[in-house]
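**Student:** Let's have the full structure, built from the sequences with the hints guiding it.
Taken in order, these protein sequences are the chains called A and B.
Position one of the first sequence corresponds to residue 1 (our numbering), numbered consecutively onward.
Position one of the second sequence corresponds to residue 1 (our numbering), numbered consecutively onward.
It should be emphasised that the hints constitute simulated quantities derived from the structure, not laboratory data.
Ideal Cβ placement from N, Cα and C applies to all residues, glycine included.
You can trust all of the hints, since none of them are fake.
No more than 27 Å apart at the CA atoms, straight line, and that leaves these computed lysine-lysine pairs for BS3-like: (1) A:K108 / A:K71; (2) B:K26 / A:K71; (3) B:K8 / A:K63; (4) A:K3 / B:K15; (5) B:K31 / A:K71; (6) A:K89 / A:K71; (7) A:K63 / B:K15; (8) B:K69 / A:K57; (9) B:K15 / A:K48; (10) B:K8 / A:K71; (11) A:K71 / B:K28; (12) B:K28 / A:K63.
Pulled a few chain A residues facing chain B out of the computed Cβ check, cut under 8 Å: (13) I21; (14) T24; (15) S25; (16) A28; (17) I29; (18) G30; (19) N59; (20) P60; (21) D64; (22) K68; (23) K71; (24) L72.
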Amino acid sequence: MAKVAIVVNGSEPKSVYPSFILGTSGLAIGNEVMIFFCPAGSVPWCKKGELEKVTMKGNPDMKDLVQKYVKLGGKLYLCELALEAKDLKKEDIRTDTEIIGATEFMSKASDATVTFSF
Amino acid sequence: MSDTTTHKLDALGLKCPQPILEVTIKAKELKKGDVLEVLADCHSFPRDLKAWCERTGRVLLFCNDEGGKFRAQIQF
Chain A
1 MAKVAIVVNG SEPKSVYPSF ILGTSGLAIG NEVMIFFCPA GSVPWCKKGE
51 LEKVTMKGNP DMKDLVQKYV KLGGKLYLCE LALEAKDLKK EDIRTDTEII
101 GATEFMSKAS DATVTFSF
Chain B
1 MSDTTTHKLD ALGLKCPQPI LEVTIKAKEL KKGDVLEVLA DCHSFPRDLK
51 AWCERTGRVL LFCNDEGGKF RAQIQF
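**Tutor:** This is how it looks when you write it as structure tokens:
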């Protein structure tokens, strides 16, 4: 099965909805999926409880999507540069999200055959 | 006598890709030979379910349009 790498680089709902819709759909068919939040996409999404609040007309419930993404084994990563760039504290970050550097992410994503950036 | 079981899943009112995600999670509980009957009214459900079955090696027994909702059975 494919490895899928999705990069979130925007702070609006239009960046996270497709990430989680495609991400969960990839997991459903057996793909390995990772979502990486760049600094520009880190706030508010990587703060505890913020993803669950987002809504967008005609789209599924984001809280349900995020729960299922994690339940099906999807990985969430936050670029460590976001901490300083966005004045984030580690304790404010979602517990299901791992803070990693760019090199580690690129290592994980280097054999991804499906990539998206939103 | 067959020991297969037919399970039911109501995914009415859920939007793409939620019905398929519900099927994926339910699938973890099922045994080989079991049948899962799903009700859904998401427009893309028939094609999504066909793709899911093809990708995961399950058998789509049928997916019928019942006028505003779909009823499908999958054999595991």
